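Chemist: Each chain is listed here by its residues.
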Amino acid sequence: MDIPIEWYLVLSAFLFVIGAAGVLTRRNMFIVLLSIELMMNAVNINLIGFSRLHDNFIGQHFVLFTMTVAAAEAAVGLAIVTSLFRNRQTTMVDLFDLLKG
Amino acid sequence: MEHEFASYMNWIVPLIPALPLTAFLVTIFFGKWFIKEQAHWLPILAMAAAFVLSLLVWWEVRQAEEGFYVELFTWIPVGDLQVPLAFYADRLSTAMIMMVTGVATLIFIYSKGYMHGDPGYYRFFSYLSLFAFSMLVLVLGANYVMLFFGWEAVGLCSYYLIGFYYHKTSAAAAGKKAFITNRVGDFGFSLGIFLLFVTFGTLTYTEVFEAVEVEGAGTATMTAIALLLFMGAMGKSAQFPLHVWLPDAMEGPTPVSALIHAATMVTAGVYMVARSSVIFASSETAMLVVAGIGAFTAIFAASIGIAQTDIKRVMAYSTVSQLGYMFMALGVGAWIPAIFHLITHAFFKALLFLGSGSVIHALSGEQDMRRMGGLRSRIPYTYWTLLSGAIALSGIFPFAGFWSKDEILGITFKDGAYIIWAVGLVAAFITAFYTFRLIFMTFWNESRMEPEVEKHVHESPWSMTVPLMVLGGLSLVGGFLGFPPEAGVFHHFLEPVFEPANEILGIHHEAFGAIDLTLMIVSVAVAVSGVILAYFFYVRQRDLPEKAGAAAQPLYKAIYNKWYIDEIYDATVVRLVIDGSRFLWRSFDAAVIDGIVNGVGKLWEVSGAAVRPAQTGKVQNYAGMMFAGVFVLLSAVIIAYGL
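Same order as they appear, the protein sequences are chains A and B. Here my numbering is used: position 34 in the first sequence is 87, and no number is missing along the way. Here my numbering is used: position 340 in the second sequence is 766, and no number is missing along the way.
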């Protein structure tokens, strides 16, 4: 039996909103990074869902790319967080506002 | 009857201006590092070669009534305006180029001695060459555009050379004054050329003059053209009220004063009016204005010459006055005497300036005649040559100035212009007076020199005295070019050029008669009495000048202060311009223009301050704004297209 596309979409929408809320509200950089991963995976679920719907592999290809890039991005992101921590002894996002106008 | 010119004319005529141009380019580019102290050779040789070529041109041109025309290429093609780079060597321009190249050669040689050791030696010779090129283009050009080009170029060289000692504030200021005063005249001059083109559709001399003769234009148009052109001549030839720049131009080195501000450039106005004789002859008003301004300037400038104490300034006012004579002659239709006087004046005035330069050189730069005196035996070559020039300028028989000046006076009298004749005669008297005042103050009596200066008095080197002697000889015999009066070699040579203008004016040649002889005797008597008066004032009873000055205190002060013309200009024109500029600066530039510019800046400053709090520097706020933006855009799309 096939799971209808709407289910995928609803699930991904929930995940995306949770991620977005995390990015916007949490102060800890790690949590923010994790939330970004959540949003990215919401997109992945969408892609898989459409891949199933259209019965081809294009969506799955995209997901593989996304996961690879996400891994690289996480590595860079964590490296930045590490060096920020070394400089300021904190990982609270709202304390970094050097570009304030 | 068309005359066949020899084919070599095709290249020697353009070569005459090209030679000094080459000398200029080589000297200016290689002078500073390579030629240095040898910078005089090329310009002198180029000038001498140009003189020889001018003689060749004369040899050819004298065989033909009409001029020789050579066109090199089309210079400015704009719609109906086709200006060729073309040269026109007729009898008038040939007379001019012989004078220009000849006098220039002598002055170049003189400069070798005078400018020796000057740090700007190469610069001086390159500017002189550029000037010679410009002047030759001015007189040889075949249309008004080339005339205008040469006209402006000589003005530029004049500016360079007046301000040659640019580290001196007064010299730099004098250069600017000359340039700006000339702009006033050139404004009218260029308008005149435009009007010529609009009226006749061409600017080539031969075509314009033919059009004037055949079709003509309304008297009003001709008067307007002639007066506008004359405005240019007033600027360049230092006629009242645009004469103020010439005395100040004496800030330049003396050879420059001799070449540019006495012999050649300042006569460009006279040449231009003579060249346009047909145009001027077509308007009685214009002729009257030319004669009036000329006569007034002649006596006005001569009167100032009486009270000046700077040896070069006396000469400068004398030049202004003599140029006035020339315009006076042009104004009564005495074209040939005007050009004749131009040529003889070039000889003796160049001589007088070079002689003054030699005096200044001998006195280590002293120019004030009150601190000279007793130089007669100390610098004899300078004295005798300068004396020859002074006699020529005073118009005493048989020196050059006598023939030309007397002819001008004679024609004005016979023409019935008695007022102008009388003015000219009085001016001649004053001229003789101030000229010999200069001679007596400089060379006679006891020495009034500073002791330090007196120790170093020395006669100038040969390179300076030889040109003086040559010019002295020309001042002595040059007048015989015009002998017998009104029918000399010179007159016959130039006659064809002015025939059309004379036809318009209806001038007939009268034979030399008893009346001419009487006039001659009168004018010589006047000149001699001027000399005698100067002798009494400055040799015999030397307290007389002071007494006379005290007796006519206001008059003396007025002429001593040059009739306050500079002060009047300062109080009116200069004041007006400065105050007007200051007003515009404060009320318009500072308030309106700056207001707009600063307002634009202020606008962004204020609006920036208003939206600045949005820039918190916190990543999450930015992300939130981004989300909000995406939300708004998506909502808009959904509302517009439906789900």
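Treat the hints as calculated values from the structure; they're not laboratory data. Some clues are possibly wrong.
List of simulated lysine to aspartate or glutamate pairs, DMTMM-like, C-alpha gap at most 20 angstroms [unchecked claim]:
id : chain 1 : residue 1 : chain 2 : residue 2
1  : B       : Lys1044   : A       : Asp147
2  : B       : Lys594    : B       : Glu792
3  : B       : Lys1044   : A       : Asp150
4  : B       : Lys602    : B       : Asp996
5  : B       : Lys1028   : B       : Asp1015
6  : B       : Lys594    : B       : Glu497
7  : A       : Lys153    : B       : Asp1015
Being a predicted model, the structure only gives us computed values, none of them experimental.
Chemist: Against the earlier hints, flag every one the structure doesn't satisfy and list their numbers going up.
Modeler: Violated hints: 6 and 7; rest satisfied.
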